[in-house]
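Going down the list, the sequences are from chains C and B. As numbered in full-length UniProt numbering, residues 1 to 422 make up the first sequence, in order. As numbered in full-length UniProt numbering, residues 1 to 422 make up the second sequence, in order.
Read the hints as simulated data drawn from the structure, not as lab findings. The model shown is predicted, which means the values in this text are computed figures rather than measured ones. Hints are all accurate, no fakes.
A pair counts as met if it fits within one copy or between any two copies, since identical chains are not told apart.
Simulated pairs of lysine-lysine, DSBU-like, Cα-Cα distance not exceeding 35 Å:
| no. | residue 1 | residue 2 |
| --- | --- | --- |
| 1 | K117 | K40 |
| 2 | K20 | K267 |
| 3 | K249 | K20 |
| 4 | K172 | K265 |
| 5 | K249 | K40 |
| 6 | K20 | K40 |
| 7 | K235 | K271 |
| 8 | K36 | K331 |
| 9 | K49 | K172 |
Protein chains: 2
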Amino acid sequence: MREIGIGIIGVGVVGSSVVKILQENANIISARIGAKLVVKKGVVRDLNKVRDVDVALTTDRDCVIQDPEIEIIIELMGGVEEAYEVAKEVLQKNKSLVTANKAMLAYHRYELEQIAKNNPIGFEASVCGGIPIIKALKDGLGANHILSLRGILNGTSNYILTQMSSQKISFKDALKSAQELGYAEADPSLDIHGQDAGHKLLILASLAYGIDVKPEEIIIEGITQIDEDDIAFAKEFDFVIKPLGIAKKIHNEIELRVHPVLIDKNKMIAKVDGVMNAISVIGDCVGETLYYGAGAGGDATASAVISDLIEIGRGKNSAMLGFEREHFSFKIRDKREITSRYYLRLSTFDRAGVLSKVAGILSQNDISIEVFLQKQAKENIARLCIITHVSLEANIIHALEEIDKQEFIVDRSFFIRIEDFQ
Amino acid sequence: MREIGIGIIGVGVVGSSVVKILQENANIISARIGAKLVVKKGVVRDLNKVRDVDVALTTDRDCVIQDPEIEIIIELMGGVEEAYEVAKEVLQKNKSLVTANKAMLAYHRYELEQIAKNNPIGFEASVCGGIPIIKALKDGLGANHILSLRGILNGTSNYILTQMSSQKISFKDALKSAQELGYAEADPSLDIHGQDAGHKLLILASLAYGIDVKPEEIIIEGITQIDEDDIAFAKEFDFVIKPLGIAKKIHNEIELRVHPVLIDKNKMIAKVDGVMNAISVIGDCVGETLYYGAGAGGDATASAVISDLIEIGRGKNSAMLGFEREHFSFKIRDKREITSRYYLRLSTFDRAGVLSKVAGILSQNDISIEVFLQKQAKENIARLCIITHVSLEANIIHALEEIDKQEFIVDRSFFIRIEDFQ
Numbered sequence: 001m002r003e004i005g006i007g008i009i010g011v012g013v014v015g016s017s018v019v020k021i022l023q024e025n026a027n028i029i030s031a032r033i034g035a036k037l038v039v040k041k042g043v044v045r046d047l048n049k050v051r052d053v054d055v056a057l058t059t060d061r062d063c064v065i066q067d068p069e070i071e072i073i074i075e076l077m078g079g080v081e082e083a084y085e086v087a088k089e090v091l092q093k094n095k096s097l098v099t100a101n102k103a104m105l106a107y108h109r110y111e112l113e114q115i116a117k118n119n120p121i122g123f124e125a126s127v128c129g130g131i132p133i134i135k136a137l138k139d140g141l142g143a144n145h146i147l148s149l150r151g152i153l154n155g156t157s158n159y160i161l162t163q164m165s166s167q168k169i170s171f172k173d174a175l176k177s178a179q180e181l182g183y184a185e186a187d188p189s190l191d192i193h194g195q196d197a198g199h200k201l202l203i204l205a206s207l208a209y210g211i212d213v214k215p216e217e218i219i220i221e222g223i224t225q226i227d228e229d230d231i232a233f234a235k236e237f238d239f240v241i242k243p244l245g246i247a248k249k250i251h252n253e254i255e256l257r258v259h260p261v262l263i264d265k266n267k268m269i270a271k272v273d274g275v276m277n278a279i280s281v282i283g284d285c286v287g288e289t290l291y292y293g294a295g296a297g298g299d300a301t302a303s304a305v306i307s308d309l310i311e312i313g314r315g316k317n318s319a320m321l322g323f324e325r326e327h328f329s330f331k332i333r334d335k336r337e338i339t340s341r342y343y344l345r346l347s348t349f350d351r352a353g354v355l356s357k358v359a360g361i362l363s364q365n366d367i368s369i370e371v372f373l374q375k376q377a378k379e380n381i382a383r384l385c386i387i388t389h390v391s392l393e394a395n396i397i398h399a400l401e402e403i404d405k406q407e408f409i410v411d412r413s414f415f416i417r418i419e420d421f422q
Numbered sequence: 001m002r003e004i005g006i007g008i009i010g011v012g013v014v015g016s017s018v019v020k021i022l023q024e025n026a027n028i029i030s031a032r033i034g035a036k037l038v039v040k041k042g043v044v045r046d047l048n049k050v051r052d053v054d055v056a057l058t059t060d061r062d063c064v065i066q067d068p069e070i071e072i073i074i075e076l077m078g079g080v081e082e083a084y085e086v087a088k089e090v091l092q093k094n095k096s097l098v099t100a101n102k103a104m105l106a107y108h109r110y111e112l113e114q115i116a117k118n119n120p121i122g123f124e125a126s127v128c129g130g131i132p133i134i135k136a137l138k139d140g141l142g143a144n145h146i147l148s149l150r151g152i153l154n155g156t157s158n159y160i161l162t163q164m165s166s167q168k169i170s171f172k173d174a175l176k177s178a179q180e181l182g183y184a185e186a187d188p189s190l191d192i193h194g195q196d197a198g199h200k201l202l203i204l205a206s207l208a209y210g211i212d213v214k215p216e217e218i219i220i221e222g223i224t225q226i227d228e229d230d231i232a233f234a235k236e237f238d239f240v241i242k243p244l245g246i247a248k249k250i251h252n253e254i255e256l257r258v259h260p261v262l263i264d265k266n267k268m269i270a271k272v273d274g275v276m277n278a279i280s281v282i283g284d285c286v287g288e289t290l291y292y293g294a295g296a297g298g299d300a301t302a303s304a305v306i307s308d309l310i311e312i313g314r315g316k317n318s319a320m321l322g323f324e325r326e327h328f329s330f331k332i333r334d335k336r337e338i339t340s341r342y343y344l345r346l347s348t349f350d351r352a353g354v355l356s357k358v359a360g361i362l363s364q365n366d367i368s369i370e371v372f373l374q375k376q377a378k379e380n381i382a383r384l385c386i387i388t389h390v391s392l393e394a395n396i397i398h399a400l401e402e403i404d405k406q407e408f409i410v411d412r413s414f415f416i417r418i419e420d421f422q
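Put together the whole structure using the sequences plus the hints.
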């Protein structure tokens, strides 16, 4: 049986899983591709670190990239610019590249596609771990205009919001629980502020729309401001709060954003709890399809890495992002044109005239109210929770700025977008 | 841009959708493959039938198969043997084949793979319409031993059971509602007796395990015997009843069966209602992933047909079933070795001694009881609902045979397997 030589740059949790699974499942993997995948060498920074991995290790990255017996390099080193340099070297050496590096792809995916030409690049592991969503978008749904795509792309955020809702605990306590269980890192900022999901959303948007956008160009908001009152309000009105990455086609423009949303609790994606990930995709022919699974973890991510090795081993050979942009192009939509229903949360002193003033400002900004709920927060302080009808986001922002200037406002006002499926 | 000529044999609902989508979405599809897919001819039985489809039609199948301008033939004629003959002719002419014909594949998939050699065969549309589950199993999850696979593979059955549960109506009334809405055909037997799901399960099992089995060799049971009491009992104990196709790896053997199950209502697949389909797959590396979407309908099925055209257009070229069986083989598991928890439903005359006799027979057959519920069905008639601990199916069947011989039994006893996820 033909042997395909593989090198791994960065042998951490995922890299070790890749080595282990290629050994333990060698028989079934060979049956699936008719070739043997053999990891020849792994590159690490520190040879003295104890690792439970059965492969020759070196610190000499070049010797692995140059090795004529190695056909495919798996980049698992993380970071952006250094990883990009490595990826370029691999492709320039006419080897195939497999990467799980979403941050690097969020910035450099189109340059890589250009350099790769006909060298395969696999990146299934870069979005939602073991869920084969890259292949679904690139191949499985290719007949469709993707009308919208909504993903729970970050397990840590989903776990925190699920805990806040099911255990009735604060954001802080839910984060602590996530850290204790290893679902959140000591520095959880990439997860809870939305960047991690943003990187993944941009990769998915490239497959769906061939659109070249950097993280700085889209709305990326985290979940840190959500409090118990928001969760309780959502429950009362049959919503759940979920951290979503959203891509939507509106005529010839694409809306891209990452933020928490209120969503009808009966939607399939609303039922995805804990650390699990899921992506709902609506295509113009196929309707809604949804993909669910573990978005992180060594073995799940390794499963995706190896799926790319299998495709490359079978000789599949198509453009990296599978979308020839010269034939078709979308523009990114202006953030100020977003429309949605909104949930607004205001803290005010409990006194006469507040409601009429708030209602007046909303009305002047063309915002009409669908649901209104006022409750006592503390002595003398009221909490106003409002659901608006569909409004222009620019108007919402303007209205809240005006409201926050009023002397009866205690805390800065806060909004969460409501995600209504078409 | 390169043009790829396509012929369609059988231009009904799906064929018409394929023609329409290839025209309406030509721009995005070309962007995705860098080639133009052009339907040259469609073959129909009756040219006089009115069709709203924009393609040259003929009744001469041979002239389409022989046409040198046609590279890919889409077989949508249905049936088993005649379709198989057509498929063989197409492959012998060195053309690529795309088929949505699950019945034909359930019987002839391995012969086709043999004949095809390096000609691509696409069959994404044969299982669960628009859900790209074939590609997920063949490519996306290739690193994994598939520990189990559980699918709601038939939308009609799922719709009927969902209606029985949500509307509290009988099987007969739910079937009538399905027929009125076009979810069930005038003759619904392939759907409600499980054959349709059985054909799909065998195709999935080939991808997961490389196993060659015919429908007659596996357990295929329908949903026609489920009644309102079963549904009510399930609800009371936090189950739902779902029609599942199940494939499980137990050591080196594969269990394959299609039947309704009771399943924990909190499992993701238990939340899939109405006509929707979903497949939960547990891999040894990736854990559980789930794929959800519309399992039928012209446009959704056409979406899958075109995804195969796209893969073929991009030059993907791997063995049809993606599993070289000479390197690895599984055996099918003996039906008598199935173990499960069981729900039993007995109708008895309401008299002293019945319970002790039933309990005695169960105990003699090594079956222990987890839950027992007795209620009055009609005057003098009792309904006994029992959940057993894990038991051997052969023992359950034997015990029910013995019970049904007792003079206090009113109707034949009935069981539903309980599907516990590992």
